[in-house]
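Chain residues, written in single-letter form:
There are 2 protein chains.
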Amino acid sequence: MSRVTVRRHPERGHYDRETIDAILDEAIVAHVGFVHDGQPFVIPMAFVRVGDDLFLHGSAGSRLLRTLRDGAPVAVTVTLLDGLVLARSVFNSSMNYRSVVVLGSATEIADLEAKREAMRRYTERLMPGRWDEVRTPTDKELKTTTVLALPLDEASAKVRTGPPIDEPEDADAPVWAGVLPLRLGAGDPEPDDGVPPGTPLPRTIASRDA
Amino acid sequence: MSRVTVRRHPERGHYDRETIDAILDEAIVAHVGFVHDGQPFVIPMAFVRVGDDLFLHGSAGSRLLRTLRDGAPVAVTVTLLDGLVLARSVFNSSMNYRSVVVLGSATEIADLEAKREAMRRYTERLMPGRWDEVRTPTDKELKTTTVLALPLDEASAKVRTGPPIDEPEDADAPVWAGVLPLRLGAGDPEPDDGVPPGTPLPRTIASRDA
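Chains as they are written, first to last, in the working numbering: chain A, 7 to 216; chain B, 7 to 216.
Just chain A, same shape as in the assembly (with noise of 0.2 Å):
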């Protein structure tokens, strides 16, 4: 049994590529764990899979970039939330859900224009179209920023779908019982101050299906 098999509801494990890259290509926000002298820290971080690394960035006076590049163990869990699963029991109620556990040790990537590629793909998988519409980053602010790459060789996800679980005795139970799916949706844009009248919505938003 590896670090990453589920053992938990091992029926809910799932560890082909298909299934961990579509969880990690669809959620904005990874939560990091690291170690610092015995205390675990778990901080949210934007993250973009590119072939088979994550990538992570921020900046390079971070605490935790920079015991990760010096390849410290790392965990990178990412957590879509789909659903409140109301079971005929408070036992029974659950939640549907999608994540991916990613474990191992990042390292640095140093070369600018390594680096800029990150930076685009990170930019064009959250905001696709941005890159082309903005100012893209400066050497020195590549130079102020840590990018690292973890491998997604120890990977796996765990997923919950469907109905509530009964016991039999509370089947014919008369409530309702079923899913409340849950989804992050966007609401209305907001122009920042100095927008110029007339100017287009951003491609990232147009064409955003939310």
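The hints are simulated quantities; they were obtained by calculation from the structure and are not laboratory data. Do not rely on the hints blindly, as some may be mistaken.
One copy or two, it doesn't matter: identical chains are merged, so the pair holds either way.
Claimed, not checked - With a cut-off of at most 25 Å between alpha-carbon atoms, the simulated DMTMM-like pairs for lysine to aspartate or glutamate come out as follows:
#1 146 to 176
#2 149 to 17
#3 149 to 173
#4 149 to 139
#5 146 to 17
#6 146 to 119
#7 149 to 176
#8 146 to 175
#9 146 to 76
#10 146 to 114
#11 146 to 173
#12 149 to 114
#13 149 to 175
#14 146 to 178
#15 149 to 59
#16 149 to 138
As the structure is a computational prediction, the values presented were derived from the model and not from experiment.
Assemble chain B onto chain A, guided by the hints.
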């Protein structure tokens, strides 16, 4: 400087319980970090704040909960993603978010009635009204559930709100800039097979504003 002092963007740090509690009381999933053989692990978990404690629960067989109930150091991080911040440069593009980090050690709630009350508080927070609609936990079910309490003694919040902060030289760029708000919303309820026709929606769903 404490272990939970916000170091990057210190102006985003908040240490008052009002701010911390509001974030904890809105979020549904926490990311719980622990250390096993020097390796950090980060697991998504349901939780509820009750007064000055976070309550975590799960199967008594879970490695995470078995590790934590022995007093191992833990990190609990909760993140609400509020929006994409589209600046006039890639470098200043960002996200609006509210997050809380709690560090400490948990203690197990062993008393059955205290566990029942913790499950009631959890259920009523996540699914208001549900405790009175469905079968509540039996003693046997409670015995297979581990409930842990983590005090909020060492906690901080980090919050980014508002529009992009651009460089002066980018201010006149002829491009849309601003915020795309993001929010977790509910879809159409999906009733389980076997729900009697005409069964009213649970209060959890009927009263939900999303």
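Structure-based check of all given hints:
1. 146 to 176: The answer is between: 16 Å across copies meets 25 Å, while 63 Å in one copy does not.
2. 149 to 17: between (45 Å within a copy, 23 Å between copies)
3. 149 to 173: between (58 Å within a copy, 17 Å between copies)
4. 149 to 139: within (22 Å within a copy, 57 Å between copies)
5. 146 to 17: Answer is between: at 24 Å across copies they meet the 25 Å cutoff, but 48 Å inside does not.
6. 146 to 119: within (12 Å within a copy, 60 Å between copies)
7. 149 to 176: between (60 Å within a copy, 19 Å between copies)
8. 146 to 175: between (66 Å within a copy, 15 Å between copies)
9. 146 to 76: within (22 Å within a copy, 47 Å between copies)
10. 146 to 114: within (17 Å within a copy, 50 Å between copies)
11. 146 to 173: Between copies, since 14 Å is at most 25 Å while 61 Å is not.
12. 149 to 114: Within. Shortest intra-copy distance 12 Å satisfies the 25 Å Cα cut-off; inter-copy 46 Å does not.
13. 149 to 175: Classified as between: cross-chain Cα gap 19 Å, same-chain 63 Å, threshold 25 Å.
14. 146 to 178: Answer is between: at 21 Å across copies they meet the 25 Å cutoff, but 66 Å inside does not.
15. 149 to 59: Only inside one copy: residue 149 and residue 59 sit 21 Å apart there, 42 Å across copies, limit 25 Å.
16. 149 to 138: Intra 21 Å, inter 57 Å, cutoff 25 Å: intra-copy only.
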